[in-house]
Amino acid sequence: MQVTSSVREPLVTGGKTVHDVTEDICRQVEGRPTKSWMLGMAISLATLGIGTYAVFMLLWDGIGVWGLNKTVGWAWDITNFVWWVGIGHAGTLISAILLLFRQKWRMSINRAAEAMTIFAVICAACFPGLHMGRLWLGFYWALPLPNTWGSLWVNFNSPLLWDVFAISTYFTVSLVFWYIGLIPDFASIRDRATNKISKAVYGALSFGWDGAAKTWARYESVALILAGLATPLVLSVHTIVSFDFATSVIPGWHTTIFPPYFVAGAIFSGFAMVLTLMLVTRKVFKLEDYITINHIELMNIVIIITGSIVGVAYITEFFIAWYSGVEAEFYAFYNRATGPYWWAYWTMMTCNVISPQLFWVKKIRTNIAATFILSIIVNIGMWFERFVIIVTSLHRDYLPSSWAMFYPTFYDVGVYLFTFGLFFTAFLLFAKFFPVINMAEVKSIIKSSSLKSNK
Amino acid sequence: MNDNKKTYWKGIEQLSNDPEFVKNADREFPEFLPINGNSEGGGSSRRDFLKMMGFGIAAVSLAACEAPVRKAIPYVNKPVDVDPGIPNYYASTYTHGGDYCSILVKTREGRPIKIEGNSLCKITEGGTSAQVQASVLTLYDRERLGLPVIGGKDGTWEDLDKEVIAKLRSIAAQGGQIRIVSNTVLSPTTKQVIEDFKAQYPTAQHVVYDAVSAHGILAANEESFGTRAIPRYDFSRADVIVSFAADFLGTWLSPVEYSRQYSKTRKIGANKKTMSRHYQFESLLSMTGGNADYRTRIKPSEEGKAVVALYEAITANKKSDIEYINKAAADLKKAQGKSLVVAGSNDPRVQVVVNAINSALNNYGTTIDLSSPAYYKQGDDAAMDRFVNDVKGGKVAGVIFYNCNPVYNYKGGAELAEALKKVSLKVSTSDRPDETAAISDYVAPDHHFLESWGDAEPVQGYYTFVQPAITPIFNTRQAQESLLTWAGVQTPDYYTYLKNAWARRGVSGNAWDKALHDGILGARSASAGVEGDTTSLASTVTAAAGAAAFAGDVSKASAAINNIKGSGLELVIYQKVAIGDGSQANNPWLQEMPDPVTKATWDNYLSVSPKWASENDVKSFEGKCNMARITVNGVSKDVPVLIQPGQAEGTVGLALGYGRVNGGLVANGRGVDAYPFMQVQNGVVAYQVLSGVQVEVLSEVYQIAQTQTHQTYMGRDTVVQESVLSKYQDDPFAGRHDPKIATWMSEEGSVHPGALSLWKGHKYNNHHWGMAIDLNSCTGCSACTIACQAENNVPVVGRDEVINRRDMHWLRIDRYYSSDADPEDKRGLEIAAANPEVTFQPMLCQHCNNAPCETVCPVAATTHSTEGLNQMTYNRCIGTRYCANNCPYKVRRFNWFKYHDNGNFEDINTPMNNDLGKMVLNPDVTVRSRGVMEKCSFCVQRIQYGKLEAKKEGRRPKDGDITTACASACPTDAIVFGDMNDTESRIYKMLNINDTDGPDYITEKEILEPRAYHVIGEIGTKPNVTYLTKIRNKDIEETKA
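Residue numbers (numbering that gives the first Met the number 0), protein chains in the order written: chain B, 0 to 454; chain Z, 0 to 1040.
The following block holds chain B by itself, in its conformation from the complex (with noise of 0.2 Å):
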């Protein structure tokens, strides 16, 4: 079905064969849990344990437990938002544009990068509700619901509403995508089930995969279609996440530049996060023939553009604040480099501009190493980008007499473990319980045996 032209490098190597992807797939699934997973799993929980009583603090006492004030009236939340949302777009945009261009490198990384995605949009979204102060009433009345309260509405007019919509329906549609690619692999582990009850789970969630011609034509075809569907949504969620900045009026924010280079941003951000991921998983669970050094190197190819999209797009908003005349423009970004956050903005200059730039040489981009700790550096200056975006935005505005600094105390930082507690255990739940390579993407791209034995 699938002609893959024999010149080119192998996508899988080691030689595996179709039998060969599904015990090594597989093995994870059907073993008991590992050592190492056990000690990620303890600490992911720890950690989980931590932010859960900042959350609660929080939703006890109130939002003052955090360091914002009259001035600065967003800072980790937000950025925490946005940071997650931004990871949560690499999952998608490799299954499904990836998909649409028939890059078939996509194979061996997507399930992961897709239940990345998932989880890192779940994190996402507790920002968005735990930053309300009325958390109890906001989560249902900022959705557009029927009320006994006369003609009351949402606004339509408010970009925090957009974002309801936009990260909702992001959120749904990957999570079908994800599933539904899913289903064949579960099919196949429930048929090797032994025990009754992951006969009984993998079935119930296999949703009776029969593996017959026809079920194959409908799954590619879902899958196309969904592919479709989400390829517009890899754009929209991070344009309108750039929304609740560019519409607003505060110098900073207020660019019109926001769009693509928060979809620049995101993708660059979720491509590091994928890379840290699959870096650690390959390695735990012994996939390097699956995820080989030429994904690697793909990967940090589109690390490299990305980087430098926002690096550009860095020095745009620059120019512009200058060329523009406006004065509290310029003065907000002037104050970014040089003001008393200097070092969150120079953070995120080097780690974001100038660290990528390591890509172009050969050596780095292929060393795993180095790709590890450069993903995780990446992150850490995406993290500050929107740090720099919201705070040193609002904390010098219009009004000099309103100046303020922001200070974090131990509920921001504990509820930002909250969502790192959470996504780490959701992912070695899913790394442990479900397939992390799709299996039956891959066995398409492997070399058939007779090509092995006329080596």
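It should be emphasised that the hints constitute simulated quantities derived from the structure, not laboratory data.
Values in this document were obtained by computation on a predicted structure and should not be read as measured data.
Glycine residues also receive a C-beta, built at the ideal position from the N, C-alpha and C atoms.
One thing to keep in mind: the hints can contain errors.
[As the list claims (entries may be wrong)] DEER-style ranges, computed between Cβ atoms:
(1) L697(Z) x I308(B): 46 to 56 Å
(2) K9(Z) x L151(B): 24 to 34 Å
(3) F54(Z) x T193(B): 29 to 39 Å
(4) K152(Z) x L151(B): 31 to 41 Å
(5) G324(B) x E1036(Z): 55 to 65 Å
(6) I319(B) x V634(Z): 51 to 61 Å
(7) F155(B) x Q943(Z): 55 to 65 Å
(8) L697(Z) x T365(B): 39 to 49 Å
Could you slot chain Z onto chain B? The hints should help.
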């Protein structure tokens, strides 16, 4: 089978086919069940029963979840003049020692909730101050004494009276000395009470002192003119005002009165293009200094010399090398008879020279009136010193402290406390167990003034009245009544006594009622007829009075002054506008009121000059600064340092009123007590220490809670627009910075930013509320801030939360210093000039027509009204804070915590955390819950009330019917509120509004007044609050930004 077919009947009715039976035959229970009261539809009764039972269970379980029952006690018989929801206003008078203000007390359901100025009063003319506004909260201070105290334990009035009278009599019998110690007493009837007391106990003497004394002026006038009095000053007639360290707008003598007069000379417009010129010579940057056109920094030791130099420059054309003295002299000479020189010094010699200057300038009779002296300060430092010595010498047997606290607020308080142990009878009438009451044998707590009867004579011949607005909350007794009781007067009821006293002065019956109703009795002598004179007091100034011959010895005074020498650092002890002498220190509104100049709350601090700070390596960031140990004559205190631009080199400043020990939970331990640093120089209490001041910088860092930490306006011309008078006279648009936006849509190629909009704009068919703020009139006094706080139930958040930058004031006053840096030098602009120009800018919700907050709220909790208000619906708010982020003016305030009924705020936000404190809350305004946004509403409850009142009378609201709390509190009339649709309104005329009616209402109102501008108008928010440019009366513009 058919044979077996038997028929059974239910009864004879079935057999007989009784129609009644047939009707109900198909029902299960043909008879009506007893539980159903209905005569019809018996079939549904079971369902009804179940419904009722279900409802009952639900109701019972719901009732179990209900919040605790709140105490609400209805009237059994409704009082005639109390209608729920309708406020009653009573005229009264605020007196606190010599502080004076004629007021109206707003009461709701029998409890005072707000104080307004009394516009009938010719002295304060409806103005108020922050302390006056806040005094209503002191009424509901639960730390006031609720019972008389005998020997430190709660007692009864009977026991107290018995014991006090017995002791007084035994002292009198032995010929022991009795003293009544008080601050200034403005009430003539209280003085009469004291006379009655003295009649009963002939050894009794009345000793008057003031925490901040004006002995210098009194003594100087005695020397110069033979009358020991403070003259009545009239700043409104002065074209040139020179003040030597007199903070006459903030704390000196009668700031409300002087602010009112001063502002009249500062208002300019199309018809009046002149204004007074104000020179200030001072060490600290006072609020008054911040308003001055020319300000010179001098050391306290140079203060007298500067006065002498001015005298010599005027009389002998002798040039001085003190900055601006020659210029001031030249201006004064040009404005003979229309100028005023005042000095804050307590040194009679300095005041004699000041008198000589005013006399040389022929100011007596115009701006100074000696014929109707003011009684604001009557303290006699010498008498008080004698008293302290008498106590030390064991010569005094009994002391009654009448509403005063000398142990705390007299320079030798600690010695006095020690010496008082020798006094066998010590009685205090303090309302709380303060420092003096704590060491008294008996405390006979006085009423709060809002529970009291009384009168006041602030200026000779001008009387105002005090009437209670609430029955006493505690088992307290009016101090006058206590004195009368102890004096053995038969009917000690003070109301009767007061009424009789006024009847003797010819005011009784209707006249008495009218006097109480108005709160004032016009300028007239007490013995004159009933006819009240309501003409301006100023008109009573006669040439004869002015002609009072100056008889002071200037040369002797000058010589003595020239011998004053300072060495090393000099300390200035001053009062802050909010806390004053510290007697209202337990008032959290005042504690949290940002100081007009430093914007600091909850603390006092050592103010130092920036140069001193850099020399001593003291740095400040966000209010965080080193502590310093200040030592004067062996007394050491650790104080936080505040770097104060405009402070004279070689001086440090420390405010009085802090460091309370027994002030109450709000006040105790806040800041340090500066009274022990006061010294006696030449027989008078001096508020400055000229030598022997040591300051050692400590490594310990302390953060002062400031509401504003950035000092300059960064050269942002659209925030503060200012110019100088000469330029304004040439071009009324002087100082206006009017950014335009380029567009192809107009022929000129550019338009006003507001003219380009995504939005259609608003059409205001009925009212269009707006506000105009005159930056030239605003002195920064912050009465509006406290008035707003009282009116709108604005929470107090405490020092820690102010440090977290979460102050809740809906109306703040931004204070900007000028910078000497180049406008392009952004770093340099952050540093204020060494002697900066100061701008005060009240900042509140601008009620933008294109409000950035309104578009971003996801749940439409903040919306635009049909009358131009930007409304905040607390119930709908979910607290995303997006609106606050997107507010370019940063006026939105978020409820970070639950500020009411929260143990963490119990001793901070007293008006919302105890049952008594809550009585001050305005029932028309919601107390906001945690997690919602709040902000200025333009006092929408007042607008609504005014509209309803007008509607009841079948008319439209007239201009002046409706005003906001800030505008009505303002002593300088800097804030004008009104309907911009009403062509007769003040605001309409003031802003010279031209109504335009474009096809899509893009410009709602075209404002033609040249001085009018919108803050950061270039972003097109189109505010309904308009500012008028600040015009300084300087020859040339001196600073850039």
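Evaluation of the provided hints:
1. The beta-carbon spacing between L697(Z) and I308(B), approximately 53 Å, falls within the hinted interval of 46 to 56 Å.
2. Separated by about 59 Å at the C-beta atoms, K9(Z) and L151(B) break the suggested range of 24 to 34 Å.
3. Between F54(Z) and T193(B) the beta carbon distance is about 57 Å. The supplied range of 29 to 39 Å is therefore violated.
4. Our hint of 31 to 41 Å for K152(Z) and L151(B) is violated, since their Cβ atoms are close to 59 Å apart.
5. Range check, G324(B) to E1036(Z): Cβ separation about 24 Å, and the 55 to 65 Å hint is violated.
6. Under the hint 51 to 61 Å, the C-beta atoms of I319(B) and V634(Z), about 60 Å apart, fit the expected range.
7. Hint check: F155(B) to Q943(Z), Cβ distance near 29 Å, so the stated range 55 to 65 Å is violated.
8. Between L697(Z) and T365(B) the Cβ separation comes to about 59 Å, which falls outside the hinted range of 39 to 49 Å.
Of the numbered hints listed earlier, those contradicted by the structure are 2, 3, 4, 5, 7, 8.
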